[in-house]
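Engineer: Listed here are the chains, written in short residue letters.
Protein chains: 4
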Amino acid sequence: MATYILRISSPDEKGLIYRVTKILFEGRLNIVGNDEFVDDQGRHFFMRTEFAGDCRPEELQAQLKAALPAAHIELDRPRRRAVVVLATSEPHCLGDLLLRHAYGELRAQIRAVVSNRPDLESLVRRFELPFHFVASEGLSREAHEAALLGVVQGYSPEYLVLAKYMRILTPALVGRYPYRIVNIHHSFLPAFVGASPYRQAYARGVKIIGATAHFVDEQLDEGPIIAQSVIPVDHTHSAGDMAQAGRDVEKVVLARALKLVFEGRVFVSGNRTIIFD
Amino acid sequence: MATYILRISSPDEKGLIYRVTKILFEGRLNIVGNDEFVDDQGRHFFMRTEFAGDCRPEELQAQLKAALPAAHIELDRPRRRAVVVLATSEPHCLGDLLLRHAYGELRAQIRAVVSNRPDLESLVRRFELPFHFVASEGLSREAHEAALLGVVQGYSPEYLVLAKYMRILTPALVGRYPYRIVNIHHSFLPAFVGASPYRQAYARGVKIIGATAHFVDEQLDEGPIIAQSVIPVDHTHSAGDMAQAGRDVEKVVLARALKLVFEGRVFVSGNRTIIFD
Amino acid sequence: MATYILRISSPDEKGLIYRVTKILFEGRLNIVGNDEFVDDQGRHFFMRTEFAGDCRPEELQAQLKAALPAAHIELDRPRRRAVVVLATSEPHCLGDLLLRHAYGELRAQIRAVVSNRPDLESLVRRFELPFHFVASEGLSREAHEAALLGVVQGYSPEYLVLAKYMRILTPALVGRYPYRIVNIHHSFLPAFVGASPYRQAYARGVKIIGATAHFVDEQLDEGPIIAQSVIPVDHTHSAGDMAQAGRDVEKVVLARALKLVFEGRVFVSGNRTIIFD
Amino acid sequence: MATYILRISSPDEKGLIYRVTKILFEGRLNIVGNDEFVDDQGRHFFMRTEFAGDCRPEELQAQLKAALPAAHIELDRPRRRAVVVLATSEPHCLGDLLLRHAYGELRAQIRAVVSNRPDLESLVRRFELPFHFVASEGLSREAHEAALLGVVQGYSPEYLVLAKYMRILTPALVGRYPYRIVNIHHSFLPAFVGASPYRQAYARGVKIIGATAHFVDEQLDEGPIIAQSVIPVDHTHSAGDMAQAGRDVEKVVLARALKLVFEGRVFVSGNRTIIFD
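Chains as they are written, first to last, in this note's numbering: chain A, 7 to 283; chain B, 7 to 283; chain C, 7 to 283; chain D, 7 to 283.
Because the hints were derived from the structure by calculation, they are not lab data. Here the structure is a predicted model, which is why all the values come from computation and not from measurement. Keep in mind that the hints are not guaranteed to be accurate.
A pair counts as met if it fits within one copy or between any two copies, since identical chains are not told apart.
[Stated by the list, open to error] Each computed DMTMM-like pair below joins lysine to aspartate or glutamate, with the alpha-carbon atoms no more than 25 Å apart: (1) Lys265 / Asp240; (2) Lys265 / Asp223; (3) Lys20 / Glu269; (4) Lys20 / Asp60.
Make a model of the complete structure from these sequences and hints.
Structural biologist: Take a look at the structure:
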């Protein structure tokens, strides 16, 4: 029997769950998992349902749309997402993604890795994936991004993953992939925004460092947070030691966030995420 | 508008959510929060719904029972649970509960504290609650427990909380409060079961210690786990230092477990818990 | 045999450990524990030594001073520190300190609790400690603080503990207790500085909240960090839920920081702490 | 200036630190970092000193030996350790080590990977390292191990790393690499020893799973613990989900343990480790 994932986002009103589950019940579909949440602030309703059974997806989607005219409805099979990874020169997050991809844990198909630096080519080649170096020197931000976008679009990705990509994307590019770009940030948000976060953390004498995976929106480092984690440090850690500890957190947090996103478990509500895990 | 908590446990079948939400919708009741889970192993369905609106609870419960004849259904208002706390001589968990109780965070009404030792009386008296010392010396386990039960039952508690109560309860007593006795265990389950767990942990050179809050069933330290947490330790910790670190974990884990239980968020499925938090 | 704690802070140079341990060895004193650290940035040396044996402390201190003329040297017996606690109206941190004090875990003698609000009096009275309400209404900051200081100084505390004291201390008061005032901050530093941190955390959709215990210096919420910890949260947590989760972190972090400080394990190096635990 | 790492393990007596630091001071060597610990149980003294300066290591070692005749003394330069990795079929730990090795973070030189299964060959080949499949079918444990040892010894490793190697080593092999074999265990020790640990964890309904890196000694899964870590799970995790979460913990814990071991920060004291980090 086929399995489906139904995602619904709607202004809240009475009877939403009833109307959805009625359609599924009458279609003889079996709910395997179900999550709902109403965001108190925005009075918005979110629902994710996994169900199994025989159905014609277009018909079902039409029925649901008729019953919930104000809702945004997505109906999909579980499947590997097409992804392009952007990176600059640090190998730890990219390498971890390539490994997970190689042994089938990523729930994605990495179609290519694109970089503004040549450093990571040999790592990507080990995994027999296309690598594109799109140089930025001598180019304006817009010209570089146009070149980058040309390469990226050739792979028709659903998602972009920024695995330590150290350049800022323009709103134009971000707008093409709304809530479909996931970044790993080298610190807790909103702390230590900017360059040299570990030097800032060292100077401040923090006892914990962390990492944040988030969707990219038009504000740098300010999109909805998907996952965060931390690791303890102490006075014996230099800024370099903190950076190394941070790398281990970064790669785990990025992988966790991507798993959640690629399984359709993440909704965006304003600047927050609703995560059904 | 009144708020209600509906808890349903049922053998799984198609249409359960639909049938429940239909009744709520037709009763013009507004679902505020909703969680469901199907235990893959036992094919059992669990659902917790918070809803608001005007309703006659007995009528509603009858309607639900008619629609889900095989289900176990509980319908209740959010309310403070009547509790008796059992403790022996360590003050850290009991003290923490008394404080939370005093400032209204416990979601329970502690009716009395009962102990097999006199040590904690002054602590309990600080909070103007009844304290009963039920001596066990010279008594058989059965005789002591009969005396204990006499005191406990006088307070008609819904739940018993074992806040470092160091005696084993008989199956007879446990059977009177099925999944209504919460214990805090001085270690991870299933590790280091038995006496002197911190000495065992020290001897083993562990780098992490933890605590487990669980329901008591007829197997000692073996009931369904509600909450667990850990704290790192190292070679500089003596067994005593580990015990002190452990106390801080124990009191936080016990409080978290009680919050979950008293809010009706915990279901028992075989030897596991389903927790909707 | 008596036990002593020796704390040395000195500009770094060769032979410091040798000179110190030579004096202890010739005095037939037995080193039980020893920690050293050289701060790379400031080229400063820190050492904490626990030793046991018969000695005349004044003589020993003079010998050490002669051998390390540039060093700051403290020689002391392990002892309970005299403390005044300042609080405003939240009971969770204060209550936790009172409990630990009552059962002998705090390594301090709480001489009094002083507040700018009357709310916490009954809690303090339960533990038979002096409570002083120093009203601030109608007074300038300076006038209120002068009244407060009058009360505090009457107890000759070595340390002040700010257990959710919600007023800002003036540099004048802070200067009287250099690195002897410990505060618990309702968030990670440097994130969410200011009012309503949990509302800020909620609005930002964070997945982790934390707490920071730090020395107070003349910059608000900016003194050297002693301890930090975190707790995971998710989209189901309201700002109020986050605040409650935060309270559990705050009280544990504050207690941990005080244990470190009162055992003489914390040195301040610029804006960072060196902690020998 | 050259840097050295001095490791001393000795029955405890007065003056040990003094005697060591005297020799270093007189040799005009500058102590960069220093840690000592006395194991209360065994009355044994451990010391690790990093120092910089010009010295003749053999002479210095002889001086130290003369001053501390009962001590075990190791003097070494910081260097990459020669390692052979043993693995069976799971790629997550091995892949993580290969990545860290490739980008220079492992403090080791992986000379070869040896396996009792052919599955991981392609992964190892990506990193251009030797891979040896030593089949066990049809062989006695002793015969297989003899074949394995033949391959391993050809690479003269200082350390063996068991990166999910699923066969039990004989005491004979373990005895050749005393406290030089590091294993990653798929659970907390001492919990869930044996096969299918995640199935056991699922059946027990645990809320936390973890991993333990330890030295291998003659008791299976019972050697001194080097590092442990945990990750929270809940009722929605199947045994397979728990295994996946466990893999992320395993690879991070193994890498952390190896960093500590390869930097000479780990001492073994009975069945416990002393770790100077």
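Engineer: Work down the list of hints and note, for each, if the structure agrees.
Structural biologist: Hints versus structure:
| no. | hint | verdict |
| --- | --- | --- |
| 1 | Lys265 / Asp240 | between (31 Å within a copy, 17 Å between copies) |
| 2 | Lys265 / Asp223 | within (20 Å within a copy, 37 Å between copies) |
| 3 | Lys20 / Glu269 | between (28 Å within a copy, 24 Å between copies) |
| 4 | Lys20 / Asp60 | between (28 Å within a copy, 14 Å between copies) |
The earlier numbered hints are all upheld by this structure, with none contradicted.
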